[in-house]
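Enquirer: Combine both chains into one complex, guided by the hints.
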Amino acid sequence: MQMSFKTFKGGVHPGDFKSATEKKPVVPAKPPAVAIIPLSQHIGAPCEPLVAVGDEVKMGQKVGDSKGFVSAPVHSSVSGKVIKIEACNSALGRPVQAVYIENDFQDTWHEDVQPNPNWQQLSTDELKKLIREGGIVGMGGATFPTHVKVSPPPGQVIEYVLVNAAECEPYLTADHRAMLERPEDIITGLQIVMKVVNAPKGMIGIEDNKPDAVEILKKAAANFPDIEVHALHTKYPQGAEKQLIKVFTNREVPSGGLPSMVGCVVQNPGTCIAIADMVRFGKPLIERNVTITGSGIMEPKNMLVRVGTPLEEVIEQCGGFKSNIRKMVLGGPMMGFSQPGPENQPVTKGTSGILCLTEQDVQIYDIRQCIKCAKCVDVCPVSIMPLFIGSSVEQGMYDKAEAYNAMDCIECGCCTYICPSKRPLVQWIRMSKGDIAARRAAAAAKK
Amino acid sequence: MDRKLVVSSSPHLKTTESVRSVMIDVLVALFPAALAGVIFFGAPALITMVLTTISAMVTEAIILRQKNIFGDGSAAVAGLLLAMVLPPAVPWWLAVIGGITAIAIGKQVFGGIGNNIFNPALVARAILMASWASHMTTWVRPVDLATAATPLALGQKAFSFINLFVGAVPGSIGETSTFALILGAGWLFYKGHITWRIPGGFIGTVFVMGFLFGGYGGVLPMISAGLFHVLAGGVMLGALFMATDMVTSPVTAKGQLIFGIGCGMLTMLIRLFGAFPEGVMFAILMMNALTPLIDNKTLPRKYGEVAK
Chain A
1 MQMSFKTFKG GVHPGDFKSA TEKKPVVPAK PPAVAIIPLS QHIGAPCEPL
51 VAVGDEVKMG QKVGDSKGFV SAPVHSSVSG KVIKIEACNS ALGRPVQAVY
101 IENDFQDTWH EDVQPNPNWQ QLSTDELKKL IREGGIVGMG GATFPTHVKV
151 SPPPGQVIEY VLVNAAECEP YLTADHRAML ERPEDIITGL QIVMKVVNAP
201 KGMIGIEDNK PDAVEILKKA AANFPDIEVH ALHTKYPQGA EKQLIKVFTN
251 REVPSGGLPS MVGCVVQNPG TCIAIADMVR FGKPLIERNV TITGSGIMEP
301 KNMLVRVGTP LEEVIEQCGG FKSNIRKMVL GGPMMGFSQP GPENQPVTKG
351 TSGILCLTEQ DVQIYDIRQC IKCAKCVDVC PVSIMPLFIG SSVEQGMYDK
401 AEAYNAMDCI ECGCCTYICP SKRPLVQWIR MSKGDIAARR AAAAAKK
Chain B
1 MDRKLVVSSS PHLKTTESVR SVMIDVLVAL FPAALAGVIF FGAPALITMV
51 LTTISAMVTE AIILRQKNIF GDGSAAVAGL LLAMVLPPAV PWWLAVIGGI
101 TAIAIGKQVF GGIGNNIFNP ALVARAILMA SWASHMTTWV RPVDLATAAT
151 PLALGQKAFS FINLFVGAVP GSIGETSTFA LILGAGWLFY KGHITWRIPG
201 GFIGTVFVMG FLFGGYGGVL PMISAGLFHV LAGGVMLGAL FMATDMVTSP
251 VTAKGQLIFG IGCGMLTMLI RLFGAFPEGV MFAILMMNAL TPLIDNKTLP
301 RKYGEVAK
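From first to last, the protein sequence lines are chains A and B.
Each residue of the first sequence is one higher than the last, beginning at 1 in the numbering used here.
Each residue of the second sequence is one higher than the last, beginning at 1 in the numbering used here.
For reference, chain B alone in the conformation it holds in the complex (with noise of 0.2 angstroms):
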């Protein structure tokens, strides 16, 4: 008989779950905040997300020789999470320039996707920023567009509690909307992508900062400062979708919480004394330059393991 019978290592059971499905996962669960950023700020967002999006993915592509332009998805990802921090009204060579920059000198110079150090998103966010500042920082209103000034700028007082849950307030595409992150990110917890180890690590020390060093006069003032910090700006963006990212963030339990920790902390020393409004970029990718030796110093104690 005419047989011919795979001989491989064990385990002979493998899940389906490939790179491509959890890119999948990662853009389905941005889907949420993606349509909250184009309800509110409109066709601006739109084409800046097409754009970064599009110009990350042929980017790849042609580096790698790929004639699939999907590829892995993780193109597609870095792209789409750039135009999440970028503001609404870049304009369109700004936006291209800014998917090429995250592909090629986010990611691939340092051997493409598992390799790169820095969050692709964000290196391309913090050259553009470099280079073409006055565009980084012209933001404008929900709806009608008009420019205006951020949350984090103007103070407390600006805005109410729902309108920052909601994501009615000027900003990043991506990042006004808690409600929607919060919805998006449901679903990488669901499907195991993402603990809440390094969400709940920033987020609560953003929360613990802001309480502490962001209001005066009672209970009430400095709760409502630490919620402050968390709804406005880029926290809930950072937290959950920027930190996460799997290549660049811990691997050990413990790593992971150290990680978020250390996020939310630089986060709010940038915010409370430093010279810019807004620190969560700088954090995360401060933090991402620190991500192997967390790792190394969290080795979880291994089953067994005689006390020495």
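Next up, chain A with everything else stripped away, as it sits in the complex (with noise of 0.2 angstroms):
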């Protein structure tokens, strides 16, 4: 039976640009020449190099780790040998530190990859720790480490693990192929999370765009009392954490926290298979589905890609950028990432899509005056005053952007998708977070 959800509050509707790649099934790429593996792939702590130059790695060999505790290992995508250590591009504009290997493409698995035939016997602790070893992150994009997603602290109780496949980024179509071609997975890895966290209720929430996946998906989990299947309203950002575990539960994170604290774990279903796979296989996070995608590419398509594939194979393999491409973006239109280009940069454990615009595509307006037209407060899915923030920053009042709530601000772009005279209100949210982070940081010191 279909359970009617409160919505959310705000939320803009962009279009959702899917058509292009959602009936197109998941071809796999071919392996890279040589991959790039990132030593940082994660929020948290960045991995030391396991190899040196010259050293044979195997696939799935760890190849990079940290001792911190927020952090993930990353593993090799292909068997060869260790070129060069040296910094590579990332999707934020930092150069990272990264492990070339030149691939013998005899793709011989690490002896450590082993599968777990008694999975299911194995304990919470057992679990965690295949998590953290197989580097399994969030994969929609903000690559959280997820062993620490699923160590809450003591004292919290989980009752809900929430699978987030609204998919709301336009273009996208990543997951949802994922959904369609691997719905038991899904429902695998989440069953293992839900183990983990003690969660006696698993729900799985998908826009109401993709009636197919959530057809499946109910079929999938016909058998499973504990885990519900949802269709929701298609509305940008039905996906963002919060405002997901706001209409599934009716609970606020608190400002600052955390979902834990409301009861809540939400993993990507690309990181359910991730787990699943790793859980029962031990194959760690080597290989993710992107959607390459937009009117600056050749052919579209959903691709399997392995990690470390520099992101120039792909598009060749995509048929190439069209030659009027003005634009490409590292994750969705509304909060990927603009590169200044594809080389010597890899698909990353994050990399949801690759969205390649051509100059109509590309959106580019004179800021005016804000005429306080309100639509920024209306869409924003926290209640914090976009409108009143930018006038701050843009006058250089960053307290008064603190005192009109900048910090709980979730970077949606809403406010900026919606503003008519083009104001770039969530950059400027963005840029007034660092200064209040600091100044914080100061006063801290202080005391």
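Hints may contain errors.
Quick list of in silico lysine-lysine cross-link-like pairs, BS3-like style, CA-CA up to 27 angstroms [stated by the list, open to error]: (1) Lys302/B with Lys400/A; (2) Lys4/B with Lys18/A; (3) Lys422/A with Lys67/B; (4) Lys322/A with Lys14/B; (5) Lys297/B with Lys9/A; (6) Lys191/B with Lys422/A; (7) Lys24/A with Lys283/A; (8) Lys157/B with Lys422/A.
No lab work stands behind these hints: they were computed from the structure.
Expert: Here it is in structure tokens:
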């Protein structure tokens, strides 16, 4: 039966632009000639390399790890030889140290990659260890290490594991295809997470513009009374973690807090599949679904790409860029990061899409005066005041930006999307966040 | 390969709506009421509208040194709105001075679009009212354009509700036809440029105060008094098009409702107990002044706000 959920406040309807790839099955991309494995593909401490130049490595072998708790190891996605350890480009613009591995095209698995035939008998701690050793991170784009997410502080009881299968970013269809092609694995991954955090209930939320995925997952979940599948209203940012929690539980994550504080853990469907692969087959996170799409690519596709495959090779397998391409975005159009070019940069654990836009789709506008139309206030899903933060930042008054709750911004970009004066509101809010954080740190140091 | 890629902060997708498209929507929404004005008050109304609109646009173009006389469209909106609140038969020079005043004093001295505190059209009207009171209070009947008094001056019995609704009564060019105003405002609601909060608060308060203080002797006369105050004079035009001016009204949901209620209360206090028969203009201007204060006192509860 269809349960009706309260929707979250605000949000926008940017149009979904998914038709180019939503019907295209995921095809495996060619393994790279040289895999570039960045040592930091997650939020948290970067890894130290575990291999040296000249070492032979095998597929699935750990090539980087860190002692930090909030961190995740990285693995080789090919077998071959380490040719150099150097900086490569990253989505955020900062260069990152990476292990370059020349592929011998033998795909020899490392001996550590062993299936767990009795995975259903594993204890919570063993499962957590597997998730960490598999280098699993949130694959929706935030890349928060999954073993940290499933380790709530003592005293916090987790009631719900939510699968964020909204895929509310326009253009992207990687999760949609995963749901159609691997529904059982998503359920298995969800069950594993439910076991780890001891949650009695699992819920999967899918935007109702993907009725086929809703149907297939409902079928897959039919025999599991503790798992529910729900169609959600198609509205951006339906897949924002805090908004999804509000929709499912009507609870709000306290300002500055984490979902576990209101009894929730949220996972992306791609992450669920990665967890299932690791726990059952011992296969670490070395490949992921990527949607390559947009007006600027010759053949839009959904591909299963090995982590470390240079962006250029992926783009080449999609027929290359169109000659009039003007923007390349990693991730979706609402929260993705535009890049100066594809050179010396690989697909990482967080690359959900490569969006290529031509001249017509690159919207460049002059910034005009705010006309106080209040549309940004109406669409803001966290009810802050984007227009006042924007004008405060414009005048360098960061303390005022703080008073208008800049730090609570989830950076979904709805305000900038809707603004008729084309003001870069979310960009200004990000600027103020940096300044506010620095001032708070300075104030704390003084005490 | 020689590629030049644009690197910018997300989002990479934006609405095609612009200040200009919003202003064009407002002009479209004003069209039914403007047409009703021409139908009822003929050529003088049309001439007044053209003069205020063009003088406003020219003034803005000169001050901003812009070649495109339409610009972002906001001057045309201010000019046309000014004509809407003028008596049909004002002299041509008064219309021109009004258009110049609305832009120069109502808007540009504050720093232009987005920065003005008061509704530019109403600033101009207030200045014209103070300067040429007799021209500004000479009203004419529809069609034959003979001099006549307005419904608010004459009282409830003078005109039927049908005439008040259609607009066949003496009054300002754009204020008389409730029907045309609702039709036009419907477009603004549909496009999402205005919400129910300001008009709802405004009109609701006028009705309630008319109901409570305007009629005697039973429920029916009280309802009819409430309705009369809503339909007569500038309440509909003020509530739907003047108080909803984006720049000069609050941005918070609660603030918009308070603003609307405040406009309604002040309008009725002036109408019932003040020296003027009509109070919409002063009510809105006074509430405009309170807008920043209202916004700051009605900030919404943010997501996940921890109770203190």
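Enquirer: Taking the numbered hints from earlier one at a time, note which ones the structure violates and give those numbers from smallest to largest.
Expert: 8
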